[in-house]
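Construct all of the structure, not just a fragment, from the sequences and the given hints.
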Amino acid sequence: MLTDLTIAQAAEGLRRRDFSAAELTKAHTGAIGQLNERLNAYITVTADKAEAAATQADKALAAGDAPTLTGIPLGIKDLFCTEGVKTTAASRILGNFIPPYESTVTANLLKNGAVFLGKTNLDEFAMGSANLTSAFGEVENPWHRTGDASVLVPGGSSGGSAAAVAAHIAMGATGTDTGGSIRQPAAYCGIVGLKPTYGRCSRWGTIAFASSLDQAGPMTRTVEDAAIMLQAMAGHDPKDSTSADLAVPDYRAATTRSLKGLRVGIPAEYRPEGMSAELLAVWQKGIDMLRDAGCEIVDVSLPHTKYGLATYYIIAPAECSSNLARYDGVRFGVRAEGATSLDDLYEKTRHDGFGEEVRRRILVGTYVLSAGYYDAYYLKAQKVRTLIRRDFTSAFEKVDVLLTPTAPTATFGRDEKPEDPVQMYLNDIFTVPASMAGQPAMSVPVALDSRGLPLGLQLIGRHFDEETLIAAGAALEKAAAFSARPDLRAGAAA
Amino acid sequence: MSLDPATTRRIARLARIGLDDQETEAVRTQLGGILGWIEILNEVDVEGVPPMVGTTMHAALPQREDIVTDGDCQEKVLSNAPDRAGPFFTVPKVVE
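First to last, the sequence lines map onto chains A and B.
Just so we're aligned: the first sequence equals residues 1 to 494 in the working numbering.
Just so we're aligned: the second sequence equals residues 1 to 96 in the working numbering.
It is possible that part of the hints are untrue.
Claimed, not checked - Which bits of chain B does chain A cover? Going by a derived footprint, with three or more residues having C-beta under 8 Å, they are:
| id | region |
| --- | --- |
| 1 | 26-38 |
| 2 | 61-70 |
Unchecked claim - Restricting the straight-line Cα-Cα distance to at most 30 Å, the calculated cross-link-like pairs of lysine-lysine (DSS-like) are:
| id | chain 1 | residue 1 | chain 2 | residue 2 |
| --- | --- | --- | --- | --- |
| 3 | B | K93 | A | K348 |
| 4 | A | K59 | B | K93 |
| 5 | B | K76 | A | K49 |
Claimed, not checked - Among chain A residues calculated to face chain B with C-beta under 10 Å, some are:
| id | residue |
| --- | --- |
| 6 | T68 |
| 7 | P100 |
| 8 | D245 |
| 9 | R359 |
These are computed hints drawn from the structure, not numbers from a lab.
Predicted, not measured: the structure shown is a model, and the values here were computed from it.
Beta carbons: idealized from backbone N, C-alpha and C, even for Gly.
Quick look at the structure:
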């Protein structure tokens, strides 16, 4: 089936004329038609646009010398502005927003020939870890526990992207990661998710959540596909002042790099009390696989790990309260009716337009930045952030890459969602520290747990050293030979 | 850590998010929980530690030529306006 191919295989098949880009896209739009009503992975499907783009791709392929992603159908997280295509951030407040411009990351993908299938669902404004806060409905994880039909969450915030890729209704998808929003859903859905170094991909045209943390990255079924997509997404952009003016290396070449002598750090602090024996065993399996591939395993310490989440839940809401101040119902977005004063217009619009979790984070951010509390919360968090970053800097003096679990558990049921917001935040305990320090990190699916659900391991690298992540990730992937697929997917829908 | 209702209302007012009494109470409890949990940072010694103000790996932010790079796109700017009159954004009349 065309929907079973990896990006690398499809790119080859297109060039060999085994099938056309039009056929490849049709296979995907057809599968979306069958599965999306249930999965809700896409908020907007752009089938007509995709088919037109595929026709163009076939012409480019016939002419020869077409860029790598020519004719490859992708899902785009509905946080990237796409010119002329509704972009909602999964929020009521942007429910009617049609950007008159294209984000740099999606423009780069289009330049590379990619075909966009539509806009994938997410937690509202990328704030959430289970894709339960979207104004356009929850996303279902295509995986289920063995012999149990309970609906499970896909993780978040890039839950629609992860579910689409896992269910084979996209060959790959873009995600964004602020505290784990690429890696955690990738782990929950049994796919690969790569958060590049802060500054590797331009943030221009991506709807902002927390500007010092937000970073775009690829979500795919293989490490090689992640390398191919990142190659197209990355690069310097003068329109984002934090975008790094550095050459983009050949990421795909890194997939076959030897790991001989690579030093892999195992941080003691990623083994909190109460961690399941099953997850510990999978982590150990990953350690053994990298050792067998020629790596040297080194115990390291990142002493401020336990403060990562609390620091994050000051910094991210603070930045979000500032970024989301622009949604006032005046220049774009949805405006509430019946206002009696200008402040009333703002207050009604923002109450009705934002969901509960977004309102909560704006309020936390407003509080920690308000007069009298700024030093105690925000300034303090910025200082702890320095210490978290120093932890990584000293660890990377001894090792080349770190290996940890991606998330503390496998995915959980929609009905098992914790009522306490803090409990929900704990999903990101292993992903947040790398975000705080700007390190690149990747989740790779390694095994199924005893209930038949995927578990992922996380690799964390030095700044701008995505190549080592890709090399080590490819080795893990090869050794783990993770070939399990969810029961709900294109061609196999239950 | 518990917030009092007046502080909660003040924060909501600063954020320009309208909350009714029931919502204010729910937010007060939840914010209290989150802020209490954040207090774990009190045990970290940050004496002499500089704040990290961004993640950028460059020493200085780049500067560009002071020239026009974009503009002359009035229709694009106004294309998502909830309400407009000619080349202007409009808001409901709120002044007597």
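Going through the hints against the structure:
| no. | hint | result |
| --- | --- | --- |
| 1 | 26-38 | holds (count 8) |
| 2 | 61-70 | holds (count 3) |
| 3 | K93/B / K348/A | 15 Å, holds |
| 4 | K59/A / K93/B | 54 Å, violated |
| 5 | K76/B / K49/A | 21 Å, holds |
| 6 | T68 | 27 Å, violated |
| 7 | P100 | 4 Å, holds |
| 8 | D245 | 7 Å, holds |
| 9 | R359 | 6 Å, holds |
Violated hints for the displayed structure, listed by number in ascending order: 4, 6.
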